[in-house]
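K.L.:
Protein chains in written order, with the numbering used here: chain A, 28 to 279; chain B, 141 to 489.
In case anyone wonders, no lab produced these hints; they're calculated from the structure. Everything hinted at is true.
Pair ranges (Cβ atoms, derived):
{"hint": "1", "chain 1": "A", "residue 1": "Asp188", "chain 2": "B", "residue 2": "Leu295", "range": "39 to 45 Å"}
{"hint": "2", "chain 1": "A", "residue 1": "Arg33", "chain 2": "B", "residue 2": "Leu147", "range": "49 to 55 Å"}
{"hint": "3", "chain 1": "A", "residue 1": "Ala143", "chain 2": "B", "residue 2": "Asn388", "range": "22 to 28 Å"}
{"hint": "4", "chain 1": "B", "residue 1": "Ala335", "chain 2": "A", "residue 2": "Asp92", "range": "33 to 39 Å"}
{"hint": "5", "chain 1": "A", "residue 1": "Gly264", "chain 2": "B", "residue 2": "Ala189", "range": "33 to 39 Å"}
Just a sample of chain B residues kept apart from chain A, beta carbon distances all over 10 Å, derived:
{"hint": "6", "residue": "His203"}
{"hint": "7", "residue": "Gly253"}
{"hint": "8", "residue": "Ala311"}
{"hint": "9", "residue": "Asp352"}
A short, non-exhaustive set of chain A residues, derived as facing chain B with CB atoms under 7 Å:
{"hint": "10", "residue": "Asp39"}
{"hint": "11", "residue": "Gly40"}
{"hint": "12", "residue": "Ala41"}
{"hint": "13", "residue": "Ser49"}
{"hint": "14", "residue": "Asp79"}
{"hint": "15", "residue": "Phe84"}
{"hint": "16", "residue": "Arg85"}
{"hint": "17", "residue": "Ser86"}
{"hint": "18", "residue": "Pro93"}
{"hint": "19", "residue": "Leu165"}
{"hint": "20", "residue": "Gly166"}
{"hint": "21", "residue": "Phe167"}
{"hint": "22", "residue": "Pro169"}
{"hint": "23", "residue": "Trp210"}
{"hint": "24", "residue": "Ala229"}
{"hint": "25", "residue": "Ala235"}
All of these numbers come straight from a predicted model, not from anything done at the bench. Note that CB positions come from ideal geometry on N, CA and C, so glycine has one too.
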Amino acid sequence: MSDGVRLLPCGDGALTVEFGRSIDEQVLARVEAFADALREAAQAGRPAGVHDIVQTFRSVTLRYDPLVLSFEELCSRVGEFLDAPPTGAPATDRRWRLPVCYGGAFGPDLADVAHATGRTPAQVCADHAATRYRVAMLGFLPGFAFMDGVSPYLRLPRRQDPRLRVPPGSVAIAGRLTAIYPWQSPGGWHLLGRCPLPLFDASRPAPALLAPGDRVRFAAIGVDQFEALSRRCAELGVDPREWADESAAEAP
Amino acid sequence: MSGVRVLAAGAMTSIQDLGRHGWRHLGVPASGVLDPEAMQIANRLVGNAVDAPVLETFDGGLHLRVEGGPIRLALAGSITAERRGAGGTAPVAPWRSHLLAEGDELRLLACTGARRCAIVAIAGIHVADHLGSASTYVRAGLGGLCGRNLEVGDLVPASAADRRQGERRLARPPEDGNDPIRIVAGPQDDHFTAAALARLTTEAYRVGIEADRMGLRLAGPALEHRDAASREIVSDATVPGSIQVPGNGQPIVLLADGQTAGGYPKIATVISADLAAIGTLRPGSTVRFAWVDVASAQAIVRVRAHQLRTLLDEIVGCGDEIAPEAVELQGANLAGDAVNALDPRTWSA
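Chain B on its own, in the form it takes in the complex (with noise of 0.2 Å):
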């Protein structure tokens, strides 16, 4: 059987997609990568559906070594990596794709920005899926290989690649932003002190330690609750990007594969559009927040989605150069989108 051998597991990596969706009624929590767009620029790369799975892991570390066939991948994330082979070593830049013999060895190094996330895209991964995804869910065992973590030895099947297929590459690979993280308020901001709202987003939040798929722990100045009773709900549900603040008053902002009900108040949600920037920070970064309300954080959610399908359409074959009125015309509709994004009359063609 053709695929890649697991030679050092890295940090945390795991087989993910998109999600499993319809099952938070059971507590079952979603999981899928914690950067979609990512994976699925990665996945277009190599010519995969962009809802494959692929692998997700966590700063340098990850070894792979190809067998049975040549294997053709990507990484997307801001990783060095090299290959090793008969043709000696050599870098192998993300965002683009790359043919790698039977033998060949991938090795990830390290993230380089302040984000500690990679993804590596595989033509034709097989992965057999449990409940509706391939996306694995350790606690209770779902999806991925026997539903844990990747583990030295595995292999990760994937079918033999098409030599014939060229390379592709993404014209234009997306930069890890330092924007504030966009937050909606609620459900439970009412359980806050005027002051906690204020400190939420004026001053800044640092990275703990405790970073995981499931959520991050924030340090910061304490947001206060507005009294005792304040401090703890009847439970009700949660989804990524919940902000919770238990009675220390340091948030906790739930990841892919955080709980799906909880009993600390929320103040706010971070919007779907920026829950990649944040769920993938360094522990140690610090992080800033901003108040949107609803209408514009689906007006976001809009611009990015098309943004995203932009990006997809300019995945060029390596080699093939974009004729330069071509790009001039994707850069004035890319500078459109950004100036015009909160303008619903951009969108409504």
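Bound conformation, chain A alone (with noise of 0.2 Å):
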């Protein structure tokens, strides 16, 4: 199972376990399965001096204290879990369905992406939001899930002149990808819509919203429910699991 595998130092503090160099099932289930054996043996404190995880589409970052753990004996303890078996089982059955409000000031890139794929814009969102996706990785900023699988008409490049403010609950495409971003920040994903909830919140006790594994659709709503719903966010809070997807079982 270790074929293909290499272990690259990203300087004294932290080593980079990498299964592949594309985005790939088979490369997801491996980072996945390594990613859950090593977090398991984190939390019995081995190997001690590890203080992050961080899983990606294709590899898991380990950041280590150089005082505690040197790169050699780390490589070496890592080893013993890459042939771990992928479980098979999803690492989360968790399924979200999330609301968007698909077009106008809050999706300004969405005329333009209907043309580039020749559909109208109510086509895309339709597309957009009856597909389900699968969180591969967070990172970026805290909260941002990198959603896998939008459909392959409307996989385009990044803009060429990416936007340095991006509103927050922006919902995106890029490539392959879909993603809301939580936190206004520079991006060049294109703007389809807006979701109103909060994905990060470090006052619960998950404070993320998505975790990897997790399946997401999406929702379409209008600017009043759009309202309405961040109002209720912002002064009373919301509950997530009203958001979780209660007709999960008969999806494929």
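Hints given; two lone chains; assemble the complex.
P.N.:
Written out as structure tokens, the structure reads:
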């Protein structure tokens, strides 16, 4: 199983275990199995000195204290987890259906995306909302979930001129990925709409709404609903479970 | 309540500690001071735990007033400052503690060296933790005061100082060095031409004006990717010190608040011992790099940890002079460290 795996140093305090270079189901499964095994060991305090385990599409990066653990020691310690068999079971069975207000001021790139793909804006929204995505990794910004599985015809390269300020809540696509920007930030993805839910809230026991392995669909809402939900989130807070996808059982 | 009131906020002044670790898997960077050694020294000078939160600021401009009782504080960095109070105006030297009376003002004037970062440690500072750290991370509103940089009118709360405690100073303040910044190759050095790998350590790079706690953009001879396909990667994890190279060939060094993942190949990583030195450089400064391997970088970490312990142990009361034989002994130890830094036998005991 450890064939093709590369152990790459990131300076003196991190190790990247690379399983592949592209987004690929098999690579993702190996990443998940390895990260699961590592996290289980980390909960038991092994190996001592590791303080972050970051899973991506194709690699797992461990940050560690070089005063506790040398690079060589860590490389040999992770060796025992490389052959962790994929569990076969998804990391989580959580499913979400998250509200999105598409188009208008919230989706300034919708018309361009429709034009570039030869569809109507309504078709693009309907397709984007109905597709079931899988959260492959979190990163970039707190709570930013990279969701895989955009319909092949909707896979566009990033914008030529990235925006300096993408508004928080923006729902965007790039290549085979879709995401919701949790915070205002620069960004080069195509903005289709906006989601009113807080994706990261440090006061929640699990601050990030989404986790790797989660399945996500979207539900189109109108501007009025968006405003009402935004207000409710700001004033009362929301229980994220409200957005669990109840129709999961019969969905493919 | 006692503390220091912000009269002028200076540049990018924020509350930081050693950072928020263990949350990168959710996309949360560690944050924390850019110069952890300076922070620990400053905290020790005022009698705090070395990992207590401090104020981090850039260049001069920060102006504080003591409220509600005497406050003890210390500055770290190549910074000039002055205090103004009933007794008139007097300079405030870095690398020693000072007791300021209620109503006294402290004004940071200028960073005098190549580095533009200064730290203000305040005895008995109270700032709540947020996800395990008081470090401010503005983008997600975490830590510090309301998750943002300091603003005029803010009060940073701290216990009134104990007047009976004497002032302390660092026997030998560190100097801003100008040595090459050491880097470890990878994780994507194989995305670059051999010429680019050579150029990174033979040419000088200049720190651009886009420099903040997230990262530094450097400008210099372009670092070519091997081919068009090598200009991007499927996103993987970044760390503070990652040197990303986008398609234009101009490197970007990620720092404490840098994003946790990215799609540009990373030619090298700045070693942790040199991250403060590059991260606090003033825009316009010139930087040179030198390759080291991981084992050497890790030996350097051990040396630096030892040197920091020695520095902290050398903090003395003002007015107390170290006995000459002790200075000689410490001098000998440190000279030994410098000579044998890479010899593991030095650290085996």
